[in-house]
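2 protein chains.
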Amino acid sequence: MAPEKTVERLCLYRRLLKTALTEGETNIFSHELAELVSGSAAQVRRDLMEVGVTGHSKRGYEVDHLLTEIDKVLDAPHGTRIVLIGVGDLGRAMLRFMKGYHERIKVVGAFDNDEAKIERVVHGFRCKSVTDLEAVIASSGVDVAIISTPADAAQAICDRLVAAGVRGIVNFAPVPLHVPGNVKLERVDIATALEKVACLVRQATVGCNVPEEAND
Amino acid sequence: MAPEKTVERLCLYRRLLKTALTEGETNIFSHELAELVSGSAAQVRRDLMEVGVTGHSKRGYEVDHLLTEIDKVLDAPHGTRIVLIGVGDLGRAMLRFMKGYHERIKVVGAFDNDEAKIERVVHGFRCKSVTDLEAVIASSGVDVAIISTPADAAQAICDRLVAAGVRGIVNFAPVPLHVPGNVKLERVDIATALEKVACLVRQATVGCNVPEEAND
DNA sequence: TAGATTGTTAATCGATTAACAATC
DNA sequence: TAGATTGTTAATCGATTAACAATC
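These protein sequences, in sequence, are chains A and B.
Using this note's numbering, read the first sequence as starting at 323 and increasing by one per residue.
Using this note's numbering, read the second sequence as starting at 323 and increasing by one per residue.
Hint data in this document are derived by calculation from the structure and do not stem from the laboratory.
Careful, some of the hints might be misleading.
Identical chains share a label here; the pair holds if one copy fits it or two copies do between them.
Claimed, not checked - Using 20 angstroms as the maximum straight-line C-alpha spacing, the simulated EDC-like pairs for lysine to aspartate or glutamate come out as follows:
1) 439 to 511
2) 340 to 330
3) 340 to 511
4) 327 to 345
5) 327 to 386
6) 327 to 511
7) 394 to 456
8) 421 to 511
9) 340 to 437
Just so we're clear, the structure is a prediction, and the values are computed from it rather than from any experiment.
With these hints in hand, go ahead and build the complete structure from the sequences.
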């Protein structure tokens, strides 16, 4: 119901509010939260409207209450069951992240096709054979799958996930995946992020730096 | 000069065009490229206009030529010099990715503050002490830095990078960083991606699935 | 020629920002 | 009260899409 961009920012707000809370801040103004995310106060207020909380013109918003309400919007009350496919460096990074994150993130399986990795325990999760993927999905139920395989394996895995009924996918493989309209797909494109910044930096320095030639 | 969104898509096009080229495709229509990225043909044509290439109404675009021109827009002719800070799982994933990627990506340093990692070779790069960060930047010159440290170290590292003259930063740490306006910052937010998909999937299934209670 | 595709402009869409009355 | 902040609507901005003459 809340627009995607708002959902993204709510995830950010939540993390920052948790920090603020542990630092003893009980109340926060929209412009303070805005500064933390390098956004505008108006946008913060708009986002919080979406959550349904209401602030106070003298004290701003109550951090505690804000967190409770954002949780309600973002999290499924019974948690999110997750599978991860591809236990390489990136897959391990995700497992490690999810391990310590919060209790409503539930990893129900980590899969790889490398015999050497199967049955190994990585950050507390036992690696399974990718041949068992459908069986685990069928028995545990899965809300979101993380694809951290090499590019050439990603679409095939994606198809299997969709066929098995998974309706949310986070794709770390550097290829665009194709999914039916009823599946939510989020691309995390490391390659593009790097190339994009490189390009933008270069564009910004054109003219003041190396003038296209003229050195040695 | 090209809008950021266009730059992002150009990165994607380039990767897909390379694949197409190795598969022997010499020409491609805007609607074909659009399908590969799940975009629209009009957008592809618009993006390619920005690059300055021109197509042919019977044969579409020449893949070969397209790649050459996109390279010119995206890449600095002398390459992009990169440092990476934080050789954890995520840092290793990035090193591994950059190792095999292409010749214009030049990693000039990988840093960590863990004594156990320093001097170790990771995916072909020797890990350095983070105390040497400024020295390496000063001697090698650095275009883009990748921050893959834990969240609590990220802002301090970021400040040091900016002070040392780095003008492009890719941030993998799950905190928003603050940089001056002349620094390009790209956030790759793994935590948000995961939480966002979880939320969207849940929103989509509300009503048809667990009706907020009603099971034991 | 007829049909498909390109290059480009105008129309649409969505998201962000500005503004301001209402509140404390 | 005076001053700051909220909640919300209207104005702005940018990006995407539709449309279509020109081209091959």
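Structure-based check of each hint:
1. For the identical chains of this complex, residue 439 and residue 511 are neighbours neither inside a copy (25 angstroms) nor across copies (27 angstroms), given an alpha-carbon limit of 20 angstroms.
2. For the homomeric pair residue 340 and residue 330, the shortest alpha-carbon distance inside one copy (16 angstroms) is at most 20 angstroms, but the shortest distance between copies (32 angstroms) is not.
3. Taking the shortest alpha-carbon separations for residue 340 and residue 511, only the inter-copy value of 17 angstroms comes in at or below 20 angstroms, while the best intra-copy value is 27 angstroms.
4. In this assembly of identical chains, residue 327 and residue 345 lie within 20 angstroms of each other by CA distance neither inside one copy nor across copies; the values are 27 angstroms within and 37 angstroms between.
5. With identical chains, the CA atoms of residue 327 and residue 386 are never at most 20 angstroms apart, being 23 angstroms at best within one copy and 37 angstroms at best between copies.
6. For a Cα distance limit of 20 angstroms, the shortest separation of residue 327 from residue 511 qualifies both inside one copy, at 17 angstroms, and across copies, at 13 angstroms.
7. In the homo-oligomer, the alpha carbons of residue 394 and residue 456 never lie at most 20 angstroms apart, since the shortest distance is 30 angstroms inside one protomer and 45 angstroms across protomers.
8. Taking identical chains as interchangeable, the C-alpha atoms of residue 421 and residue 511 lie at most 20 angstroms apart only when they sit on different chains, with a minimum of 17 angstroms there against 22 angstroms within one chain.
9. Taking identical chains as interchangeable, the C-alpha atoms of residue 340 and residue 437 are never at most 20 angstroms apart, the minima being 40 angstroms within one chain and 31 angstroms between chains.
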